[in-house]
Amino acid sequence: MNADLAPLVEHVIRLVVSDPDAVSVRESRDRAATIFTVNVAPNDVGRVIGKDGRVISSIRQLVSAAGAKARIKTVVKVPTEN
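When we follow our numbering, the leftmost residue of the sequence shown carries the number -15, and every step to the right adds one.
Hint data in this document are derived by calculation from the structure and do not stem from the laboratory. Be aware that a few hints might be false.
[To be verified] The calculated label-pair distances, taken between Cβ atoms and stated as ranges, are:
#1 Ser8 with Leu46: 27 to 33 Å
#2 Lys35 with Asp(-12): 19 to 25 Å
#3 Arg(-2) with Gln45: 32 to 38 Å
#4 Asn23 with Asp(-12): 23 to 29 Å
#5 Asp14 with Ala50: 16 to 22 Å
#6 Pro4 with Gly37: 17 to 23 Å
#7 Ala(-10) with Arg15: 18 to 24 Å
#8 Asn27 with Arg55: 32 to 38 Å
#9 Arg55 with Asp3: 31 to 37 Å
#10 Ser2 with Lys53: 28 to 34 Å
#11 Ile19 with Lys53: 15 to 21 Å
Each residue gets a CB set at the ideal place from its N, CA and C atoms; glycine is no exception.
Given these sequences and hints, build the entire structure.
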């Protein structure tokens, strides 16, 4: 069973950020999981992560639940510049 979860990830992220046009989601797969790499405007990284990581944790939980229904392990990553 294959589920296309990238549109779900993109939609949820767009609801959180102040610049939804800058959102892009790249999907890649390895043996263990489907990995969603989310890129947002630099000023929106904090919004996506949230206080103590609560927002990204909630997003990961939502995507994980949708993936579990299709028997897919998921990982959501938000690259940050150090």
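Right, here's what the structure says about each hint:
| no. | hint | verdict |
| --- | --- | --- |
| 1 | Ser8 with Leu46: 27 to 33 Å | 19 Å, violated |
| 2 | Lys35 with Asp(-12): 19 to 25 Å | 31 Å, violated |
| 3 | Arg(-2) with Gln45: 32 to 38 Å | 18 Å, violated |
| 4 | Asn23 with Asp(-12): 23 to 29 Å | 19 Å, violated |
| 5 | Asp14 with Ala50: 16 to 22 Å | 19 Å, holds |
| 6 | Pro4 with Gly37: 17 to 23 Å | 21 Å, holds |
| 7 | Ala(-10) with Arg15: 18 to 24 Å | 19 Å, holds |
| 8 | Asn27 with Arg55: 32 to 38 Å | 37 Å, holds |
| 9 | Arg55 with Asp3: 31 to 37 Å | 34 Å, holds |
| 10 | Ser2 with Lys53: 28 to 34 Å | 31 Å, holds |
| 11 | Ile19 with Lys53: 15 to 21 Å | 18 Å, holds |
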